[in-house]
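Asks: One letter stands for each residue in the lines below.
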Amino acid sequence: MESDFQPFSARLEEGAAPLISLRGVAKKYRIGETVVAALDHVDLDVSGGEFVVVLGPSGCGKTTLLNVIGGLDSPSEGTVVVAGVDVSAAPAKKLAGYRRRTVSFVFQSFNLFPGLTATENVQFAADVAERSNPRQVALEALKAVGLEDRAAHFPQQLSGGEQQRVAIARALASGNPVLLADEPTGELDFATGIQILSLLKDQADQGTTVFVVTHNREIARIADRVIELSGGHVVGIHRPEDPLAPDDLRW
Amino acid sequence: MRSRSSLGLLIRWSGRDFRQRWVQVGALSLVIALAVGAWAGLGGTDRWRRESNDRSFAALNMHDLRVELTPGSFAREGELAAVLSSIEHAEWIEAFEERLLLPTQVDATTNAEAILAPGEILGVGNDGEPEIDAIEIRSGSAMSQAAGVLLDVHFATQNELPPTGQIRLSGDVTLPYVGHGLSPEYFVVVSDRGGLFAASSYAVVFAPLPMLQELSGHSSEVNQLVLTSTVEADPDVLADEVRGAIGAALPGVGFTLTPVTEEISFRLLYDDIDNDQRFYNIFAGLIFAGATFGAFNLARRLVESQRRELGISMALGVPSPIIALRPLLVGLQMSVLGAVFGVGVGLALAEAMKSLFESLLPLPVWETSMNWGAFIRAALVGVLVPLCGVAWPVFRALRVTPNETMMPPYRSQSHRRIPRIGRTLRLPGSSLARVPLRNVLRSLQRTTLTVLALAASIAALVAVLGMLDSFTATIDQGEASSLLGNPTRITVDLEQVEPVDSDVVRQVTANESVDEWSLGLRLPASLTVEGAAEIDIALEVRPLAAGLWTPALDREILPSQEPELILSRKAMDDLGLEVGQTVTLRHPVRQGPLAFGLTETSLRIAAIHDLPLRSSAFIDSEHAGLFGLRGMTNSIDVVPVPSASRDDVKRALFPIGGVAAVQGVAETAEIFRELLDDFLSFLLIVEGATVALALLVAFNATSINVDERQREHATMRAFGLPLPKIVGLMIAENAILGLLGGLAGVGVGALLVRWIVEVSVADTVPDIGITATVSGQSVLVALALGVVTVALTPLLSIYRLRRTDLPSTLRVVE
Numbered sequence: 001m002e003s004d005f006q007p008f009s010a011r012l013e014e015g016a017a018p019l020i021s022l023r024g025v026a027k028k029y030r031i032g033e034t035v036v037a038a039l040d041h042v043d044l045d046v047s048g049g050e051f052v053v054v055l056g057p058s059g060c061g062k063t064t065l066l067n068v069i070g071g072l073d074s075p076s077e078g079t080v081v082v083a084g085v086d087v088s089a090a091p092a093k094k095l096a097g098y099r100r101r102t103v104s105f106v107f108q109s110f111n112l113f114p115g116l117t118a119t120e121n122v123q124f125a126a127d128v129a130e131r132s133n134p135r136q137v138a139l140e141a142l143k144a145v146g147l148e149d150r151a152a153h154f155p156q157q158l159s160g161g162e163q164q165r166v167a168i169a170r171a172l173a174s175g176n177p178v179l180l181a182d183e184p185t186g187e188l189d190f191a192t193g194i195q196i197l198s199l200l201k202d203q204a205d206q207g208t209t210v211f212v213v214t215h216n217r218e219i220a221r222i223a224d225r226v227i228e229l230s231g232g233h234v235v236g237i238h239r240p241e242d243p244l245a246p247d248d249l250r251w
Numbered sequence: 001m002r003s004r005s006s007l008g009l010l011i012r013w014s015g016r017d018f019r020q021r022w023v024q025v026g027a028l029s030l031v032i033a034l035a036v037g038a039w040a041g042l043g044g045t046d047r048w049r050r051e052s053n054d055r056s057f058a059a060l061n062m063h064d065l066r067v068e069l070t071p072g073s074f075a076r077e078g079e080l081a082a083v084l085s086s087i088e089h090a091e092w093i094e095a096f097e098e099r100l101l102l103p104t105q106v107d108a109t110t111n112a113e114a115i116l117a118p119g120e121i122l123g124v125g126n127d128g129e130p131e132i133d134a135i136e137i138r139s140g141s142a143m144s145q146a147a148g149v150l151l152d153v154h155f156a157t158q159n160e161l162p163p164t165g166q167i168r169l170s171g172d173v174t175l176p177y178v179g180h181g182l183s184p185e186y187f188v189v190v191s192d193r194g195g196l197f198a199a200s201s202y203a204v205v206f207a208p209l210p211m212l213q214e215l216s217g218h219s220s221e222v223n224q225l226v227l228t229s230t231v232e233a234d235p236d237v238l239a240d241e242v243r244g245a246i247g248a249a250l251p252g253v254g255f256t257l258t259p260v261t262e263e264i265s266f267r268l269l270y271d272d273i274d275n276d277q278r279f280y281n282i283f284a285g286l287i288f289a290g291a292t293f294g295a296f297n298l299a300r301r302l303v304e305s306q307r308r309e310l311g312i313s314m315a316l317g318v319p320s321p322i323i324a325l326r327p328l329l330v331g332l333q334m335s336v337l338g339a340v341f342g343v344g345v346g347l348a349l350a351e352a353m354k355s356l357f358e359s360l361l362p363l364p365v366w367e368t369s370m371n372w373g374a375f376i377r378a379a380l381v382g383v384l385v386p387l388c389g390v391a392w393p394v395f396r397a398l399r400v401t402p403n404e405t406m407m408p409p410y411r412s413q414s415h416r417r418i419p420r421i422g423r424t425l426r427l428p429g430s431s432l433a434r435v436p437l438r439n440v441l442r443s444l445q446r447t448t449l450t451v452l453a454l455a456a457s458i459a460a461l462v463a464v465l466g467m468l469d470s471f472t473a474t475i476d477q478g479e480a481s482s483l484l485g486n487p488t489r490i491t492v493d494l495e496q497v498e499p500v501d502s503d504v505v506r507q508v509t510a511n512e513s514v515d516e517w518s519l520g521l522r523l524p525a526s527l528t529v530e531g532a533a534e535i536d537i538a539l540e541v542r543p544l545a546a547g548l549w550t551p552a553l554d555r556e557i558l559p560s561q562e563p564e565l566i567l568s569r570k571a572m573d574d575l576g577l578e579v580g581q582t583v584t585l586r587h588p589v590r591q592g593p594l595a596f597g598l599t600e601t602s603l604r605i606a607a608i609h610d611l612p613l614r615s616s617a618f619i620d621s622e623h624a625g626l627f628g629l630r631g632m633t634n635s636i637d638v639v640p641v642p643s644a645s646r647d648d649v650k651r652a653l654f655p656i657g658g659v660a661a662v663q664g665v666a667e668t669a670e671i672f673r674e675l676l677d678d679f680l681s682f683l684l685i686v687e688g689a690t691v692a693l694a695l696l697v698a699f700n701a702t703s704i705n706v707d708e709r710q711r712e713h714a715t716m717r718a719f720g721l722p723l724p725k726i727v728g729l730m731i732a733e734n735a736i737l738g739l740l741g742g743l744a745g746v747g748v749g750a751l752l753v754r755w756i757v758e759v760s761v762a763d764t765v766p767d768i769g770i771t772a773t774v775s776g777q778s779v780l781v782a783l784a785l786g787v788v789t790v791a792l793t794p795l796l797s798i799y800r801l802r803r804t805d806l807p808s809t810l811r812v813v814e
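First to last, the sequence lines map onto chains A and B.
Per my numbering, the first sequence runs over residues 1 to 251.
Per my numbering, the second sequence runs over residues 1 to 814.
Treat the hints as calculated values from the structure; they're not laboratory data.
Note that the structure is a prediction, hence the values are computed from the model and not measured.
Wrong hints could be hidden among the right ones.
For lysine to any residue, the following SDA-like pairs were computed, each having C-alpha atoms within a straight-line distance of at most 20 Å [what the hints assert, rightly or not]:
| id | chain 1 | residue 1 | chain 2 | residue 2 |
| --- | --- | --- | --- | --- |
| 1 | B | Lys725 | A | Ala129 |
| 2 | B | Lys725 | A | Ser76 |
| 3 | A | Lys28 | B | Thr804 |
| 4 | A | Lys28 | A | Tyr98 |
| 5 | B | Lys725 | A | Gly146 |
| 6 | A | Lys94 | B | Leu801 |
| 7 | A | Lys93 | B | Arg803 |
| 8 | A | Lys94 | B | Gln561 |
| 9 | A | Lys28 | B | Leu806 |
| 10 | A | Lys94 | B | Leu806 |
Only part of the chain A face toward chain B is listed, based on derived beta-carbon distances under 8 Å [said to hold, decoys possible]:
| id | residue |
| --- | --- |
| 11 | Ser104 |
| 12 | Phe113 |
| 13 | Gly115 |
| 14 | Pro134 |
Negatives, chain A to chain B, calculated, CB over 10 Å [what the hints assert, rightly or not]:
| id | residue |
| --- | --- |
| 15 | Glu50 |
| 16 | Arg100 |
| 17 | Glu120 |
| 18 | Arg217 |
Cβ atoms here follow ideal geometry from the backbone N, Cα and C, with glycine treated the same way.
Put together the whole structure using the sequences plus the hints.
Replies: Structure representation (C-alpha cells):
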C-alpha cells in the first residue's frame, strides 16, 4: 500500500516567505480592575522546517504565544499569519479548519483519548485532517516513534514516555507543517525526555516547523533558533552557533 | 481539622461545591424527587380511594341486600315488603323499599347530536327522594311526579346534556327531566349487556315509583326490594331468611338476592382498589428503581470527579471521617432537595390521579390526600440512595494510599483495568466513528447503571402502552368476530319475551328500515362445575345454522338432538373444562306468562367460540324448549336496508312499544374504545414521569461526561474537530445508551405486561379473555422516546462546551 505519510519538507520551497509571521501581537487579560499583558507587541518571523525553542520563566507568555500561533487563542492586538492564513482575524469555523490542516499539538500532559487505543489516538488526527489511508498513516507514525508493538494498547496501559510518543505520533499523523509542543518533556524523566526531543528534532530536520515551549534552558542548545520571553516581551532571539544533538544534552 | 472552624470550612466548601455544580445537583435532586413523589403520589391511592368509597356509599345510604325478581316477573306492591316482617330476625332490618326497574330506550337527542341509547328506568320513592340508595342531585332539582324525572349524571355528563330538558322513552313516551342525579348502585354504570363503565352509552333514568308504574302499565307492581340492616345483622343469615320467606310467599317465581358486596358497582370500586394499587405500585416501583439507579450512578460520578482532592486531603493527614464529610454533605444536599421537590411531585401526581378518578368516577365524596407515610418511607430511601452513591466512591478512595487516590487515571492501578470487551472488540470505521462505542465500553459498571436507570423508566412506559395494546387487540378481535359476515348487524332487545308472531316482533321485522332478520333469545344464566367458582353468562339462544350471524368456532359442529353449549375460551379455562365435557347450566325456565323459575341442567360443551367475553355463550334455538320458550323471542338480529344507517334503524324502531334496546353490534367495541380513551390520561401521567426521568438521567450523565471529558473535547477541538461534530459524537454515545436502555426496557416491559394481564387484570376484569400484547408500534414509540430523549440531551450542553477555555483546559497538568 502506498503511504500518505511523508515529512513536510517535501512541500517546502527554498527562499519562500516566512511560514509564521507575527506583527505587533498583544494578548491582554482583565483581572478585576487590572489589565495583564501576557504578550506585549511581539514581532516574529519563522521559516518552514525551523526548530524553535521558546524560553522563559513561568508566566512570561510562552504558552500564550503558542496558543495564539495555534489558533487556540486570539490576540487582543496585532496579526498572526501562518501559512498564508490570518489566524488573528479568523472566525471560529475557519480556525477549526486551520487547526485541522496547518498546526498540530503536543501537550505536556499528553491529552490522549483514554477510550481509544494508541493506533486509534493517532489515526484520530489523520481522520480529522482528512488524510487518505488514515490507518496506514497512523501505523507508520507509530513506527516512526518506535511504538509499533504498542499499537493496540490503551493510554492507561502505557508509560508516561510512551504516551508522549503516541502524542507526537498523533501530531505527525496530521501531516501539518507546524508542530506546537508545550512543555513536552515536563512530565517525563531525563532519558524519556531526550527520546522525545530527538523525535521532535527529527521532525524539524524533515521540514516540519517545530515550536517547543520550555523553561529548561538546556533544551535551547538543540534549537535552530531560541526566542526568550519575559513579561510578555521578546527579550532576545538568537541562533545557537553549533546546536547540540539531543543525545548530548544533560540536566 | 478538629476545630469547629475546620468544620465550618468544610460546610462552606460543600456550599461552594453546590454552587459550582448546582445544575447537576439540582437535576439529581429532581431525579430523587420523581422517585419519592411517584412513590408517594401513586403508592397511596388505595387508602384514599377506600376512604372515599366508604364515605360515598354511606352518604347515599347504599342498600345492604337487594331482591330482584327474574326479568319478566312482577309482584304486587307491598307483597315483597310484607314478607320481611315474617322472618326470624326482622329486627335486623333497618329500612326497606320496593322498586320497579324496567329496561327502556332513551332518546335524549339534542339540537347538536342524535343520542339514542338503551338503558333502564328505576322507579323509587313515592314522590321524592328514596331513603335507601338516595340520589344526589348534581345539577337541576329533585324529581317529582309533577316536575319530572332525573337522568343519571354519567350519561348526562358524557353526552353533555343540559340540567333540564326532555327525553323520550320506548313506546314514544316523552318525559321532562329536571336534573342530573347520582345513586350509589350506579357509581359505576354497567349495562345489562355487561359493558363496564358504560357511562355514555347506557342511560339510567330515575322516576318516582307511582309515575313509572303508571307509565309502564305495571300499576301497583314492583320487581325489586332493597333493604338496609342494622350493625348487629349477620348478612348471610339475613339473606337466607329473606330467601326462604320470599320463596314461600311467591312460589314459582324466580328471584335473585344480591348482597351489597356482590353489587357490581360496589365490587368494582373496592376490588379495583387493590388491583389498581398493585398496578400503580409497579409503575411507582419502576420509576423508583430507575431513579435509584440514576441517582446512585450520578452521585458516585460526582464524587469520583473529586477523587484527586480527596487524595490531597489524605496526603495532608486529614482524618478519614472529616474527608468523607464534604462529599457526604453534597449527597445530603441532593437528598434534602430531592425530598423537598418530592413533596411537590407527589402532590402534583396525587392531584393528577384525583382528577383522573373524578372524571372516571364522580363519587359524592373524594377524600384525596398525599400519602405522607409512603412519602416519608420513600424520602428515607431517597435520602439513603444518593448518600450510598456518595459513600461508596469515598470509601473506595479512602481505602487505598493517598498517592493512589491522587494519581491521574493513566497511572492509577484502579483505572488501568479496561473491560475485556473494550480491549478485545475490533470496531470498523474511522477513529471518530469508534469514539461513541469506545466511551460506552470504557466503564461497564457506569454504563450498566445508566442503562438500568433508563430501562426502568422505559419499562414503565412499555407496560402502559402494552396494556392498552392488549385491550385494543382484544377489542379488535371481538369486533372482527362480532361483525363477521354482517358488519351492519343490529341487535334489538325486547322488554320481555314475546311470541314470535306478536305485534312487537312483527313491527320490528316488518319495519321498512329492516332488510333481514332472525329471532333469538337472550337469557341470564350461570355455569358451575365442581371445584370452580360459578360464572355468570349471557346465554344466546339463536339459530346457529340459519341465523344472520354465527360465532366463529374452533371446530365444526353438527346439529344435535341434545342441547349443547358453545362457550368462550376464557370460560373454559376458568372452569377447567375441555370440549366434550359437561357443565351445569343454571338457567331460567318460563312457568307462566310473566313468571320464571330457575333450574339446573347438565349440558355437553360442543365447541369454543372466539369472542373474548367470558359471559358469551350460545345454544341452538332448536333447544329453546329447554327454557320453556319455544316459539318465543326477546332478541332480534336485524340488518338494515342498504339506504338506512344504524341511527335510522334506532329512530325507526324507537316508537315501537316493547322494544328495550336497539344497539349496533359494533357499538360494544366503540364503548370499550371510549373507555380506553379515558385511561389515556393515566398514560400521559406515566409518559410524563418516565420521559422526565429519562431526560434527567441522560442530562446528568451527559453533564458529568462533559465535565469529565473536558480535556478530551478540548483536545479534539485543538486538532480542528468542529464543535458540532463533538456534539454529534456525544449524541451517538447517548443514542447507544438510549438504545440499550430502550431494548432492556422493552424486554422488561413486555414481561410486565404479561404479568399484569395474566395476573392482575385477570382478577379485576375476569369477564374478558385478554391476551398480553405489545404492538410493534408501542415498541417503536418506547424505543424512539428513549433513544431520542436520551440522544438529544447533549444539545443542552452546547453552551458549556462552547464556553470551554481551550488553552486552560489543555494546560491542566495531572
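Asks: Could you work out which earlier hints the structure fails to respect and list their numbers in ascending sequence?
Replies: Violated: hints 2, 4, 5, 8, 16, 17.
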